[in-house]
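For reference, the chains in residue letters:
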Amino acid sequence: MVGLFEFLFKYRPALFEEGRFTFVSPGWMQVAALLAAALLVVAAFTYRRMGAGTADRTAGAERLRWLPPVFRSLAIGVLVFCLLQPALVLSTVVPRETFVGVVVDDSRSMAMPDEAEAADGTRAGAVLEALSGESGSMLDRLAERFQVRLLAFGRSAERIESTEQLRFGRADSRIGEALVGASDELAGLPLSGLVLLSDGADSAPAELGDALLTLKAAGTPVYTVGVGRPRLRKDIEVSRVVAPRRVLEGSTVEVEVTLSQTGFGGRTVDLEVEDDGRIVNLEQVTFPRGGSAVTARIMFAANDEGAREFRFQVAGQPGEELLMNNERTALVEVLKRREKIFFFEGEPRDESKFLRRAVSQDENLHVVSMTRQAANKFYGMNFDEDTRRFEGFPTRREELFEYSGVILGSMEASFFTHDQMRMLVDFASQRGGGVLLLGGRRAFSEGGFAGTPLAELSPVVLHDRPADQGRPELMTDLRIELTPQGRGHPATLLRDDREEANELWPTLPPLSAYQRATELKAGATALLQAESPMVRDPMIVLAHHRIGRGRAIAFTPHDSWHWQMSADIPLEDQTHERLWRQMLRWLVSYVPDRIEIEADRDRFEPGSNVTLRATVRDEAFQEVNRAQVVAAIEQPSGEEVEVPLDWSVERDGEFVGTFTAREPGLYRVEVDARSEGESLGVATSRFAVDELNEELFGAARRDSVLKRIASETGGRQVGLGQADRLAEDLSVSSEGTLVREARDLWDMPILFLALVALLGGEWAVRRRLGMA
Amino acid sequence: MRTFERYLYRPVHPDEVLREFYFTRLAYSGHMYRGFAGSWSIDYPKADRQFMVGLKRLLDQLDAYDYDHALPATDPELFRFPFLYSVEVGYMALSPPEREALRRYLLAGGFWVIDDFWGSWEWANLERELSLLLPEYPIVEIPLDHPIFHCFYDVEEIIQVPNVGQGRYGGPTWEQDGFTPHVRGIFDEDGRLMVVINWNTDLGDAWEWAEDEWYPVRFSHYAYQMGVNFVVYAMSH
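Order-wise, the sequence lines are chains C and D. Following my numbering, the numbering of the first sequence begins with 1 at its first residue and continues without gaps. Following my numbering, the numbering of the second sequence begins with 773 at its first residue and continues without gaps.
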């Protein structure tokens, strides 16, 4: 389209956009107007006479009679337009008085072999040929009009003298920072613009927009030259890994891995999870035939304490163009610590006994229980020096909020004061704790939860149950089965093998429940359900939903202990133990601590600025703004650096500081928060510094990035072989040392074509009318 | 075991409301018969029912079954009732299937209270039976600071509880050569008590005759305290 325009109008649309239209000989305007008028009069008179002399005209011919004078008039108009010498006035740079920065992507992704035009087939080869090849090189063309400064960039832009210094081996590719750096490097010089040669792969953690705003403010247009194919022919990429930052030792880690592909639709590949060279899981993933990406949920046990770097990888496939993007690593801290859970039970019953017993050997769970034996007489268990002792249900937030999870057994709502119920809801919503509601004859609707704050906790819809209805009816013979959402969920995975686990559920002994829970609340998810002849719809057995920062889970049967103690269950069977271990670990997973410290990501490139963010709360989990917070960072070499963190102002209790991580390796951060000389607590976190090769992910040419850079800075995107055009575009930009230049438009081919068409049309009509 | 003994078993009728707690008496095989049934049925069912009356009053939050409930060890239903009570185990002679079932029951999480047997001869019989049942687990004296003595009532000393005859008439509290009462137990590898052995004492009679004006109240009082603690411990450990 641009080519056709250029053929007809002599110049490209870009020049018309930049230039201003004018007539070089405006003094001829009146003479030309008189001449045109005289010619028109003569023409009209002539046609009138000739028309009068023609006798036998049809009605159609009569209508065409007016065309020849119109054609003639227009032709005269075109001629007069040409006589007035139309021209396009452009501000062009004074040759070799202004500067252009050519910024070349020197990163590893430029070695990709997807440029057919290059002799060696690589992007780098194509760039070198375009820049300094023998015929019509870009640098030569630019040098005809500009002083050219060559820069190479990875993380930042550096001046180079010649293309021979390009290595195409840098691990990083930060386009925004490089462009701003190049602009700064050439600051003070009359700069026409920057030319960016890149594949658009940007590995910068920061948003590109900030850099573009800086360039726009500096008035530096960026002309982008895209390298590589916009789509790889055959490639598989581990695009995204979403893993928890921390898990308890021995927990099942659930990770979402997104695999993208081109050219492998329908192919089944093995996705491996490696922990320190050991394969801990292998999942087969089949790519959809139509789409390009698929997300796999993969689970594995985190059994070794410490900072573990789990590697997720797909073996290279035959014909795959890029293998380095087939793996990603996630840093997961496997914690050996005891999560404290408070189990409040309203009556002595075997369910609570067996539940506690199931998790008693789990070193990462510390279940403190309080069971009502008689009215106002409680039996507390497992209190130790780490836990505050109290009788009944806590009345102070500090007592309850020291736990990560709460299990509420068969206890009627009327036992609690309104404040205690509210506190329990706040435990989930504000403190971020997990609340597990167990089934029982005094729980849920049967325990009068409906209409009280406790109802907020329930993921199942509750109903009013009049007190005079007596003992609730027990629904027996419930065969438990997984819902679609429950398949493969970490809480319901009772065997290592997912299929085996799915098949196990229907074979377990049937249970019973007092709860007729058949309806989920909006936003809740059911993982287990059961059929019963006593209810029409499937009964909800296990469901959960989020409440503010926390989570509430409902488990409605009251006798899961039959899975431990049954004539049909072998002694060595661990189903019951595993169910409750997983359930309670799930309950307290992602529960925030009072003091928390987190780097903004788990992995960084060497030299990155790491933002550390600490959250500080008091014992009642109220955010504290007046605190002295210091992060002690232990570097891989063992050297320790202290970074003071300041209150961010944006959020209560949030303290922020930055640190530049230069050494590759694993870093440990310990934050200490103090208020008025007293320690509020400490927290630790880890992050890794390594070559991430981020630019190799999404390695095809990213036109969207290149177009955005060009359009937001006032530049233009051009192809590799368009060096002439690039030089011309740059020369008419408004930056640099400029001179005005008028370019003739009278010889535009479109004017000649118009003249020929008008005169030819006149002749044809006259022939038709018999006037020729 | 004689066929007509089965008439004494009282399994839970399907139409009855299921409860959280059943005071289940083990109907074991043995050498001695009194009337229609073996030694397991001594004081049965009155002691059991009487105990339930007191238990429900003292543990008013316990959803307990009101009646006696006896099952043989070989009944698979036994696994649904993790609390078990036995008396007169000096005459107990478990069959291999009973032994196997009882072993599984205890290791899976069951709790067994043994009561009312006296003297060294009866002890030797129980010891032999237990050595066949749980050979890898020793019988040990339960110290007084163990939670089973403090989980509901604080029991500070072990008292010898006499049978109803000797208790009513103020006779000696011992029988045979069982002069000193003991509370012994068998723990699993996690420290959970699986078996509690009340030797040279008769808690069952103290429950059964608690309402008898001639039976000393201090024995009933103590027996109930012990019984309640056993139930609380069984349902929490």
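Just so you know, the hints here were simulated from the structure itself, not pulled from any lab data. Warning: the hint list may mix true and false statements.
Said to hold, decoys possible - With the C-beta cut set under 7 angstroms, the calculated list includes, among others, these residues of chain D facing chain C:
#1 833
#2 924
#3 927
Computed from a predicted model, the values in this text were never measured in an experiment. Beta carbons: idealized from backbone N, C-alpha and C, even for Gly.
Quiz item: Which hints from the list above does the structure break, by number from lowest to highest?
Solution: Failing hint: just 3.
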